[in-house]
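Student: Take the given structure of chain A and dock chain B to it, following the hints.
Listed below are the residues making up each chain.
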Amino acid sequence: MTTVETRLTEFADNNEKPVGYGRMLRKEDPRLIRGQGNFVDDVQLPGMLHLAILRSPVAHARIKSIDTTAAAALEGVVAIVTGADLAEKGLAWMPTLSNDVQAVLATDKVRFQGQEVAFAIAKSRYIARDAIELINVDYEILSPVVDVRKALDPDAALIRDDLKDKTDNHCFDWETGDAAATQVVFDNADVVVTQEIIYPRVHPAPMETCGAVALFDAVEGQLTLWSTTQAPHAHRTVYALVSGLPEHKIRVIAPDIGGGFGNKVPIYPGYVCAIVAALVTGKPVKWMEDRSENLMSTGFARDYIMNGEIAATKDGKILAVRTHVLADHGAFNGTAAPIKYPAGFFGVFTGSYDLEAAYCSMTAVYTNKAPGGVAYACSFRITEAVYLIERMVDCLAYDLKMDPAELRLKNFIKPEQFPYTTKTGWVYDSGEYERGMRLAMELAGYDELRKEQEERRARGELMGIGISFFTEAVGAGPRKDMDILGLGMADGCELRIHPTGKAVLRLSVKSQGQGHETTFAQIVAEEIGIPPSDIQVLEGDTDNTPFGLGTYGSRSTPVSGAAAALVARKVRDKAQIIASGMLEVSVADLEWEKGSFHVKGDPTKSVTIQEIAFKSYGAGDLPEGIEGGLEAQICYNPSNLTYPFGAYICVVDIDPGTAVVKVRRFIAVDDCGTRINEMIIEGQVHGGLTDGVGMALMEMIAFDEDGNCLGASLMDYLIPTALEVPDWETGHTVTPSPHHPIGAKGIGESATVGSPPAIVNAVVDALKPFGIRHADMPLTPSRVWETMQGRHVPSI
Amino acid sequence: MQVSINVNGNQVNEEIEDRTLLVHFLRDQLLLRGTHWGCDTSNCGTCVVWMDGEPVKSCTVLAAMADGHEIRTVEGLEQNGQLDPVQQGFMECHGLQCGFCTPGMMMTARALLDRNPDPSEEEIREAISGQICRCTGYATIVRSIRWAAVHEASTKQGSNS
Chain A
1 MTTVETRLTE FADNNEKPVG YGRMLRKEDP RLIRGQGNFV DDVQLPGMLH LAILRSPVAH
61 ARIKSIDTTA AAALEGVVAI VTGADLAEKG LAWMPTLSND VQAVLATDKV RFQGQEVAFA
121 IAKSRYIARD AIELINVDYE ILSPVVDVRK ALDPDAALIR DDLKDKTDNH CFDWETGDAA
181 ATQVVFDNAD VVVTQEIIYP RVHPAPMETC GAVALFDAVE GQLTLWSTTQ APHAHRTVYA
241 LVSGLPEHKI RVIAPDIGGG FGNKVPIYPG YVCAIVAALV TGKPVKWMED RSENLMSTGF
301 ARDYIMNGEI AATKDGKILA VRTHVLADHG AFNGTAAPIK YPAGFFGVFT GSYDLEAAYC
361 SMTAVYTNKA PGGVAYACSF RITEAVYLIE RMVDCLAYDL KMDPAELRLK NFIKPEQFPY
421 TTKTGWVYDS GEYERGMRLA MELAGYDELR KEQEERRARG ELMGIGISFF TEAVGAGPRK
481 DMDILGLGMA DGCELRIHPT GKAVLRLSVK SQGQGHETTF AQIVAEEIGI PPSDIQVLEG
541 DTDNTPFGLG TYGSRSTPVS GAAAALVARK VRDKAQIIAS GMLEVSVADL EWEKGSFHVK
601 GDPTKSVTIQ EIAFKSYGAG DLPEGIEGGL EAQICYNPSN LTYPFGAYIC VVDIDPGTAV
661 VKVRRFIAVD DCGTRINEMI IEGQVHGGLT DGVGMALMEM IAFDEDGNCL GASLMDYLIP
721 TALEVPDWET GHTVTPSPHH PIGAKGIGES ATVGSPPAIV NAVVDALKPF GIRHADMPLT
781 PSRVWETMQG RHVPSI
Chain B
1001 MQVSINVNGN QVNEEIEDRT LLVHFLRDQL LLRGTHWGCD TSNCGTCVVW MDGEPVKSCT
1061 VLAAMADGHE IRTVEGLEQN GQLDPVQQGF MECHGLQCGF CTPGMMMTAR ALLDRNPDPS
1121 EEEIREAISG QICRCTGYAT IVRSIRWAAV HEASTKQGSN S
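Just so you know, the sequences run in chain order A and B.
Note that this note's numbering numbers the first sequence so that position 47 is 47, with each residue one more than the last.
Heads up, this note's numbering is the position in the second sequence plus 1000, with the first residue counted as 1.
Every clue listed holds true.
Sample of chain A residues lacking proximity to chain B, with all beta carbon distances greater than 12 Å (derived):
1. Ala84
2. Ala156
3. Val192
4. Asp217
5. His248
6. Asp315
7. Ser361
8. Lys414
9. Glu448
10. Asp481
11. Pro546
12. Asn637
13. Asp706
14. Arg791
Computed footprint of chain B on chain A; a stretch qualifies when at least three of its residues, placed anywhere within it, have a C-beta under 8 Å from a C-beta of chain B:
15. 33-47
16. 290-302
17. 725-734
Treat the hints as calculated values from the structure; they're not laboratory data.
Where a beta carbon is used, it is the ideal one built from N, C-alpha and C, also for glycine.
The following block holds chain A by itself, in its conformation from the complex:
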């Protein structure tokens, strides 16, 4: 089935579509368009105090002393807390999601600009800010390690002297694939292309910054934490392990979240500070970071220098890919990645192509920069992997003088090869790559665009056409391979049908805007025939939802979506037994038609799911062995990831006088398997494409030689507005996942992953007359101009 979306002119009404998949308006919107959402900063509790964090102004320094006298004396200040105070409680350090440790408040040294040094608790936001200005810290400045390429030099300053026996800034080594086999293929290849490719450090910068409100009931020993978290259950477990509070006495609530994009996966020192403050003062305490704090200290993304090599025959059969990556992990390894995958899922750098061999080696290092490393809608480093392969394929096309679309079409994994095991061991579940590519070319009018480009070039105009084709790997686990801090990646789900046939579904994941309340109601509605409007979806409260690992890496639909479908089927199975009693026939004699069971061959003898629900709680006996009530719970452990894919084509024009890049058109054909809500899927794609424009053309968290963060405000860290992006043109194909109960794959990050190479490939294509084969992101006017002058320098 191949369908093409057109611009929507009519809108279906929820009420007209009682069950099932399709466009449906969102259940979360009525509160949000009235300004009645409930975000963390909206939480106000009686007697609530405010917390502000003093951060290091320098990248690397020893703390000689901290004088809090003046701050503590300020009227309205309740307490000032330093690292030494936390050390007394054993709370100065906390584990990161990569089994490293990170300082909650610095005790010995500061290791990046923006690191947490002390905090003030005060009666108002403003007084808390005033107080931290009065804290006097005496720093002994140390030489900062800023240039990642020099981090392992023998004379580089040692950053992590807190780690026992640590003598250098080495973080970890990692490899995947077969080095020897790859070497053989490279040795015998007609053509080998090498290119250094940089994915600069960027930041997710959700519109809502991170924050928390902590409330501690000393009598009950109960901690309640409202926080900006994408993974409330995982956070609760970590808080229990760190603080020693029993897990059943900790309740984490993630209310409405104002965008996450991975930024709200890690546990930040600020959350722990808020908890400590509530314990110390006995009062509720709110911490909300400001934008500079968000950009300077919370989970960054990317920061990979990739040396790419691609081997091919002279007629364009790609044989092998090899890369060495230098990864900058900042001062603490805060990457949220399964233990077995320190580089996330970068192993899918073999892309969508049928290769003979592949190999990657990676060296990760510490630098005096903020920790993080996996955030920003990247599906665990797949953004970097896709950028590498899709840039390398274009470099190969350039050297072979081949059309980049033709080169890709020649090398795709064929539909009959699925499930396809890559040379790095990933098992792609399903794909029809050529179909997606051809649809994108058709929607773009690819041949006409190339003709237009030729004409424009003859007139001295700079028009570029860029292609990328990506394969994503989303929906982690299975739990045997994947975990966060030892917690297996599986997700629980509970469905309860009330006596009157209304339902409540409880999820372990947590939306940050993806529309779970709608999509998950639709999944259950499709399975059990209750209208989505009658299904309440609850998530983000650890006291009221089953355990699971949360929302990131596009895992909600692949994992929790499967859980929701399966729990609904479990309820339906029980409903069938109850129906057999009601209709006095055997279970095998019943047929299901959305919403009711009827006797085979006699549709007039039927009972609706609502009638069955009432019966399940009602008077009278149920079939033997059947307990009362109509509810079920499961924990879904995925057997494999799902592998969505897509073909993207970008058209840019570059002003030859100013080097400003204008994205004229962007055509995105996505395949996420079974489509649940067209409207929400389209929205996910649009958002990701805009992220791509940001990263390709505007966004970068840069540092000066002293380690000062140069992207510490939205004046300096540029995010696309409505003027920088075109009206997106989307299409789709549907290749269901064979192992997912409803055939769905993830979609949340596809466009963020797939769009940057399309845009960069378009810009480089526009610059072809200058003999340019590669240029590094972000392709700002100055970088493009320098490239046109033959003075391109790497961005890191």
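Tutor: Showing chain B alone in chain A's frame:
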């Protein structure tokens, strides 16, 4: 200091600290928490409200400056239980995802439509270009505002005939 401000048609008289930003006055003191705060530099526009009919970034206005003026916030969009067409448009066209930038976007959209009832896509993009949305990619916001424009035009036509 004392301020007297008309907020969504209600006169409020409040004692404030001199330096209180309008966004904090609205959120923390009046508990009108639909107006959000997203940056320190007046770039993001999640805090947009109206002052005397003009959209302003309430993080860059002192509450004291609003003394004697009229403020309208997202909570004042719905009138007599009737959603503003802009609110309806955002729902119909998926103009929001996380909903954090949405109140500011809708206030700007309402002001635009009051000035220009039939804005082009370019005019809409220009009008919201001082605001950032991280979720939607803007196309659906543009469609939402166009929906409101078309809907309002047809309603007006209906009432004229």
